[in-house]
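Peer 1: Read in this note's numbering, the sequence shown has 129 at position 17, and its numbers run on one by one without any break.
By construction, these hints were calculated from the structure, which means they are not laboratory data.
Treat the hints loosely; a few may be bogus.
Stated by the list, open to error - Computed Cβ-Cβ distance ranges for the label pairs, DEER-style:
1) Leu231 to Arg186: 38 to 44 angstroms
2) Asp242 to Val180: 47 to 53 angstroms
3) Ala240 to Glu278: 26 to 32 angstroms
4) Gly157 to Arg186: 46 to 52 angstroms
5) Asp375 to Asp273: 21 to 27 angstroms
6) Ser362 to Arg331: 43 to 49 angstroms
7) Pro365 to Asn259: 30 to 36 angstroms
8) Thr201 to Leu257: 34 to 40 angstroms
9) Val188 to Gln229: 55 to 61 angstroms
10) Gly157 to Val180: 23 to 29 angstroms
11) Ala194 to Lys361: 45 to 51 angstroms
12) Gln182 to Pro365: 41 to 47 angstroms
Because the structure is a prediction, the values reported are computed rather than measured.
Don't be surprised by glycine CBs; every beta carbon is placed ideally from N, CA and C.
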Amino acid sequence: MTETPNPAQSIAGSILGTKWKPRLIVALAPERRLGFGECKRELEGISNKVLSNNLEELREYGVVSRDVLQEQPRRVEYELTAAGRELYTILESMADWDATYVVGTGAPTVLLADDQQQLLEIYSVWLAADYDVVTAADGREALALLNESIDVAILDRAMPDLSGEEVLTAVADAGQQTPIAILTAKQVSPNDVSVPADRLLRKPITKDELIDVIAELNRLPTIAPVAREVEARAHRLAFVETHLGSAVKSTEPYRRARKELNDIETERAAATAAREPWRGLLEREDETASTTDDRR
């Protein structure tokens, strides 16, 4: 007996099977409101016409809603409807399935770089069950291996030819976004707040520490670049404070790094408030309700 196709499933399939619509849904999730220009920035390479057509088609499907904020000059914002949020959930499930069953063995690829062969062997054994591991014995080899096939990199700070920090700088200069942690055996210094790594770890490290930091790094490509930058800066401040104590807060490198982080967070909050003014109204309503409850 042949089953009649479900119209809803057919529509979902036609949306998810296109090039741009799934990416638009991801850009607008979770609970984001974006203007036309912001949508275009999220989808590198899309033309104005193609973006406009895709947004209108998603509106027709009831996946995206449009809010006209201003007529002259015209300013609109888009957000996912309840149906759009359900499609986003489907997209997440599909990505998980792809990672598990389609892309090779489904395991992320980790680059381990250290000039101590024994440590490379130990780290590789620890990770073998859950990751594809690639190793490098010096900084130059690590840099040569750091291409788009590498999901996460763990670099020793003091390697021959190129240090871990020099590899970091070269990767950043090339515009590559691979999440990277630095392992250091050096005495922690207040200047470590400026090491341009996503995470810092002090040697010797345990298996659990290595596995945990790789899980953290593997998550970073899923968050916004500014959120990743905030996380990295906050981590480095916490790292030096953990190893040097609260006295480090009075040093010039720490104070400067703290101010830079505060400035980024202030700009980020202002941008969010400008883009999503309704959030401020909700927060004020919550504060009013809380004050009223306290008085009771």
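Peer 1: Now tell me, hint by hint, if it's right for this structure.
Peer 2: Quick rundown of the hints versus the structure:
no., hint, in the structure
1, Leu231 to Arg186: 38 to 44 angstroms, "violated (59 angstroms)"
2, Asp242 to Val180: 47 to 53 angstroms, "holds (49 angstroms)"
3, Ala240 to Glu278: 26 to 32 angstroms, "holds (29 angstroms)"
4, Gly157 to Arg186: 46 to 52 angstroms, "violated (24 angstroms)"
5, Asp375 to Asp273: 21 to 27 angstroms, "violated (36 angstroms)"
6, Ser362 to Arg331: 43 to 49 angstroms, "violated (33 angstroms)"
7, Pro365 to Asn259: 30 to 36 angstroms, "holds (33 angstroms)"
8, Thr201 to Leu257: 34 to 40 angstroms, "holds (36 angstroms)"
9, Val188 to Gln229: 55 to 61 angstroms, "holds (59 angstroms)"
10, Gly157 to Val180: 23 to 29 angstroms, "holds (27 angstroms)"
11, Ala194 to Lys361: 45 to 51 angstroms, "holds (46 angstroms)"
12, Gln182 to Pro365: 41 to 47 angstroms, "holds (45 angstroms)"
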